[in-house]
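Fit chain B to the given chain A structure using the hints.
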Amino acid sequence: MDALLLARLQFAITTIYHFFFVPLTLGLSIFVALLETKYVRTGDENYKKMTKFWGTIFLINFAIGVVTGIVQEFQFGMNWSEYSRFMGDIFGAPLAIEALLAFYMESTFIGMWIFGWNTLSKKTHLAAAWLVAIGSNISALWILIANSFMQNPVGYGLEDGRATMQDFFALIINPNVLYQFPHVLTAGIAMAGFVVMGFSAWHLLRKHEVAVFRPSFHLAAIFALIGSALVGTIGHFQGQFLVQHQPLKMAAAEALWETEQPAGFSIIAGIDEGAQENSFEFKVPGVLSFLSYNNFTGEVKGLKDLQSEAVAQYGEGNYIPPVALNFWSFRVMVSAGSLMVILALLGVIWSAGKNVIDKRRGFLKALLFAPILPYLAVTFGWVLAETGRWPWIVFGLQKVEDAISPNVPAWNIALSLIIFFVLYTVLTVIAFKLGIKYGKSDIRTKDPVAAE
Amino acid sequence: MDLNTIWFILVTVLFIGFFFLEGFDYGVGILLPFLGKKDEERRAIINTIGPVWDGNEVWMLTAGGAMFASFPHVYATLFSGFYLALALMLVALILRGVAFEYRQKYADPAARKRWDLAIFIGSALPALLWGVAVGNLMRGVAIDADMYYWGGLLPLLNPYSILGGLVFVSLFTMHGANYLALKTEGELVTRAKKIAFQSWIVATVLTVAFVVWTFFATDILTKPGVNGLIPASLAAIALLTVGWFIRTGKHGRAFVSGSLTIVFATVMVFAGLFPRILISTLDPAYSLDIWNAASTPYTLTVMTIVAGIFVPIVLVYQVWSYRVFRKRVKVDPKTLVY
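Protein chains in written order, with the working numbering: chain A, 1 to 452; chain B, 453 to 790.
The shape of chain A in the complex, shown without the other chains (with noise of 0.2 Å):
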């Protein structure tokens, strides 16, 4: 395999592994506080357990987005050194600025969050809570301020071959990220919603601590249908700014090859990239037409001609994504992102008032397995993202295959891509099972391993 492949496999790897992680840490840090928040308030002891036992969920889930996360501050110079030198000016401020204001806080406040329960008055640890919540959605907003200028490049200009930083604040509100970081917290809020919903359910099924449980699950059903259905309407939006501004992208995730009016949303399709068309698909008309501009008539242009105008634009090559990966991916994505708004929808009616969830034993038991679709959702979410701004880095401006580092011989990539996959995937799997093991701890008992 050449470098050029290695280093893209190692930015997947590294950066889906990593995503497993924040989206949870995204949305369980505000679960967390908002119920230390209730504690605090009505000094329930119900909701100090609560507290205590998500935000041990929280830690072991928040441990790895750290470290897999200190990863991504060096690998654009590891492997990216041409991207590094290309948009330095533009890109290390929104990272720097990240660690600044995110990172220190996040870190800091964790700790006293941990460490604080008995020295700090409960005001003040409640505080720590909002502080790690607010500084982790910070972190995400400007990671996703440094993705969108990769997306949509708004505020810079080209000076000896490098893009330069000409408007702060442009780079700040790029029309992308009102769109991505609203996208990423609700994904993270629908995510944290499922993984407590899936607990409560395990716990609820056994009868364990209900006063604990049916609230954590009321709670984490809103939660999660504020989320998935948040997710999704800003989704669909996203969807109609990328139609304008990454024709290519939404094309490919609709296997789109002949443009069309009005167009026809393909379910399902039969793929052959080689011959730029679908050997059978089963399509709704119009309904592309619909998604793309909110009506039912209008003309949304396909692949070929979508490459055609890339070319004119910017010189001879391929400027189509892969389809099949990205048109795949979408579905993933919708389909996990509708069922979720069911499920959560079901979750808060059968929750809610004087409704007992635990009779819904087939319900709870669907909900055990549920919080694979958000983890299936975000996964695909990003491979859509990434995948189909191919071929370019940085739209219009950079092509991937300019952007790494000459300098790097393939062996050695391979072999921290090696190293890597393996550490994150044992890391990853214990993980998994540590969060399983306390997800399901009996409550009553302070810590499973004094259990043991």
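Take the hints with a grain of salt, since some may be wrong.
Pairs of lysine to aspartate or glutamate residues, derived as DMTMM-like cross-links and limited to a Cα-Cα distance of at most 20 Å, are as follows [unchecked claim]: (1) A:K123 with A:E45; (2) B:K489 with B:D784; (3) B:K786 with B:E637; (4) A:K48 with A:E209; (5) B:K557 with A:D442; (6) A:K437 with B:D560; (7) A:K301 with A:D272; (8) A:K433 with B:D560; (9) B:K490 with B:E639.
Rather than coming from a laboratory, the hints here were simulated on the basis of the structure.
Showing chain B alone in chain A's frame:
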């Protein structure tokens, strides 16, 4: 003072914070298997840095991010050039971070031993590798006209830089022992004081050898204009007083002196480099300096404003977090968190 110089100083400050704070964290990690005989003792040792290690590590991440923002060519040249060493260090740091959080979640003593090993390697290896990296920065590496280093790992493992790595390990071990003497109780304090003195002897011998070698092999201490001679002298004086303070039982002062040693040593390195950041051994004209490696004045201005506002805020709450957890850690499973 121009923006480029300000950012050189700011990056220096971030590295000072990093080496000073992570210095004792690494030292504590290195000493963990040797000082802690029983599991409670090991837990107590980890708990001394438990609330703060993550915040300390952010100094390194911020230094990396700040370098990317202010001197992107340095970020690109350094991390692509020192590729394998950096990858190895990242692996070590990952293991260490996870081990702190997960260790006490396993009841099995064998599993805890494995996590202890992860903490030891995760602390010793980054200390060594940062020392090797700094040694190479002082000596210079074969950077070509296109700002690339093509030599790979082996030329970086030269005797001078390896000695630099050992200096880092010994200084951080001493620093960590001084910290533990202030943060633990009973038997652990006695052991920490003993090992603080032993590591001080080793650190002093290695540091003197390294400084002498630096004098002859590099221009860090001798180049005209700004150089590292005065901070090197201050670091030497501070280091000598560490031994005196340990001997006379003044451990707070020993820790302060050790900290000053690290601060002045870091100043020595950067003052000796200035205005260069990465020295080329092929041709001085190929060196990366604060001008040819820098971002545009616009970006530097934006970043100066951001740093001017947020660095003081960060300092306030980090200092506060140290105040909150200023008490010594008891070797008592009931009060231990990690």
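Decide if the proposed pair is consistent with the structure: B:K489 and B:D784, CA atoms, cutoff 20 Å inclusive.
Since the Cα atoms of B:K489 and B:D784 sit roughly 14 Å apart, the hinted pair holds (cutoff 20 Å).
Would the pair A:K437 and B:D560 pass a check requiring their Cα atoms to be no farther apart than 20 Å?
Measuring from Cα to Cα gives roughly 15 Å; hence the hint holds.
Within 20 Å, alpha carbon to alpha carbon, are A:K48 and A:E209?
14 Å, holds
Between B:K557 and A:D442, is the straight-line Cα distance small enough, at 20 Å or below?
Measuring from Cα to Cα gives roughly 15 Å; hence the hint holds.
Next pair to validate is A:K123 with A:E45; report whether the Cα-Cα distance is within 20 Å.
15 Å, holds
Against the 20 Å threshold, does the CA-CA distance of B:K490 and B:E639 hold or violate the hint?
11 Å, holds
Taking only the CA atoms, is the gap from B:K786 to B:E637 under or equal to 20 Å?
Given pair B:K786, B:E637 holds - Cα atoms ~15 Å apart, limit 20 Å.
Hint consistency between A:K301 and A:D272 [alpha-carbon to alpha-carbon, up to 20 Å]
19 Å, holds
Would the pair A:K433 and B:D560 pass a check requiring their Cα atoms to be no farther apart than 20 Å?
Distance ~15 Å between A:K433 and B:D560 Cα, so the pair holds.
In this structure, every one of the numbered hints holds.
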